[in-house]
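Please put together the full structure from these sequences, using the hints given.
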Amino acid sequence: MKVIVAAGTPGFIGGGAAELAFSVDRALRAAGHEVELLWVPSYEDTSTLLPQLAGLRVHDYSDEADHLIALRWPAHYLRHPRKTVWFLHEFRTLFDLAGYVGELGSLQPGDAARATVLARWERLVLDEARAVFSNSQVVADRARRSLGGFEMQVLEPPYPREIPDPFPFAGGSHIVLLGRVAPIKRADLAIRAVAASPGDWTLTIAGVPDPPAFGVALQTLVDDLGVAHRVNLRLDWISEDEKLQLLERSALVLNLAFAEDSYSYVTYEGWAAGRPVITVSDSEGIAHAIAEAGGGLISEPDPASLAAAITDLLADPVSAAAAGAAGRNWVTAHGTTWDDATARLLA
Amino acid sequence: MRSSERTYVATAFVPFRWRRVDAVAARLVAELRNSGIDAERLRLPVTMTEQGAAGSAAAASLVNLSWAHNVICLEFPCLHLVADRMSAFRVRGGLDDHLLRHDVVARTPASRFAPDLVEPGATAGYSSAPAWMPPGLLSIGLRDRGVITDAADRLLVVSLHESCVPVAQQTADAAPGAHMIREHGAGVDIEGPEARLWRALEGPLPGPFRAVHVVVPATDDAAPQWVPELAGADEAWTIVGPNGTQCVADSTGDPRAAWSAFASGLLP
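Residue numbers (my numbering), protein chains in the order written: chain E, 1 to 347; chain X, 1001 to 1268.
Treat the hints loosely; a few may be bogus.
With beta-carbon atoms standing in for the labels, derived distance ranges [as the list claims (entries may be wrong)]:
1) E:G110 to X:E1005: 25 to 35 Å
2) E:R26 to X:N1034: 19 to 29 Å
3) X:P1015 to E:T332: 28 to 38 Å
4) E:D302 to X:S1035: 23 to 33 Å
5) X:R1041 to E:Q245: 27 to 37 Å
6) X:F1016 to E:T336: 26 to 36 Å
7) E:D340 to X:S1035: 38 to 48 Å
A short list of chain X residues far from chain E (calculated; beta carbon distances all over 10 Å) [stated by the list, open to error]:
8) A1023
9) A1026
10) R1027
11) A1030
12) N1034
13) S1035
14) D1084
15) R1085
FYI, nobody ran anything at the bench for these hints, they're computed from the structure.
Just so we're clear, the structure is a prediction, and the values are computed from it rather than from any experiment.
Note that beta-carbon positions come from the ideal geometry of N, C-alpha and C, so glycine has one too.
Next up, the structure:
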């Protein structure tokens, strides 16, 4: 079968959505299908949002492919009689992040009206799909609220690659924060937690700054707080090997993203390595997964509370090791396989 | 041009078909990255009916890429994108060929071209076709810029079919230091010889080479036309081998260096 896998992308930066697209591509090819990946430019400017979505509706791939799988927003605006949507999130600026003031910006004049139109369009393009899956219960719940009770089936993505062997838990006092270094991921909160903690634990932040200016801001924050001797900013893309090395020598993993859609790959990778994960109470999908798996701690989203949670877990390596093992068990026993996922996407 | 600048190499999205324009785009991105430039491909959705083409152009004109630093357009409908810094290079066989007769292409504003990047002798603007069509993909700018030189006395021999191996091997054996690539295998016949040559030239080559010889079957009538331009040839000649194979040889420089210069020359 010829399958187009379409996914929105902000361009020039990876992340969980891109990882999922590559995973679907690999899984479909392994199952014997022909696959083309189409990256659809996504955008955050609400003033040009609706015309751009209308432009996407021009395209119908009925003649070119047997099936279209739409992943990250706004790929599901493309047309195909056999279209399956794996919904990762809405246009967040107008929906679940409407009150958030960060890199996505705050609401502009006219956005309330655009949100009303967009909700109607979302229903239109989702209703024409053969099936609509969400990547988490959090996303399904959000969609039910914002799209007039629209129901999605939850299909949590399997681990993107072969699950690596866990690293023996050796304790220590080094922790790591991985992934795209964007304001909404709150690496600055981790740095402030270092400053708020009298302990001697150290922190590595590794990932691509988005936007680049945010990396500069973090460096300034580290200098201003006088914690340069405890914080290593590795602000660049890192290889899988380097990521595994960082996880191996870390006692725990931080994942502090605000209002995350799902458990996030960072949580998954930390747990696969046998490391506990600490998040904060407003991280939504991450907190939900940690509570379900028992794979770490959930702190309040302020520096003092986060510093206390980190200090407590580092001081109790038995509990930390147990949480890491629980997370690992969740990864290996949770969810579905790629064979099953692709079968459901093409059904 | 700073290495932190982000450059899109834009083509249309035409799925499940090998196209030279896609190979060019992939190679451009690789070369730009080799130069330390943050480059990515962008494939624009396109519908290839006349009405669909108009819609595709309109849709592309709604995509605002002003946040990206550079956009290099290789075919329709990429020139309709909104971008602050844009350059264009038309690749023969791209959608511009197909859509030439359509008004939508003729209406593409000529002002959106960077005139110095259009093939010498060509007139900026789609409506002037077919005179603007570059005669050879790699010919643009390379010889004029002095990139192609006799950098080394080495020979690259590319065999594109199992039946060509004896001739290719004989050629390689006769030249000291020659390097031979066998690019054939399962599925290649579906893609055609052009795809195989592209793949051969995309891999790491122990260049530079004085010349590239491409050996193709005699039954491949199109070979003399496409091989020289793909290999960046100044001139080409054809030899029909004793066993029915056809050897197309050309004098050229280092294809990798040529690509690198080609890529950097396209930056706005």
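Problem set entry | Violations among the numbered hints | Hint 4 is the one this structure does not satisfy, whereas the remaining hints hold.
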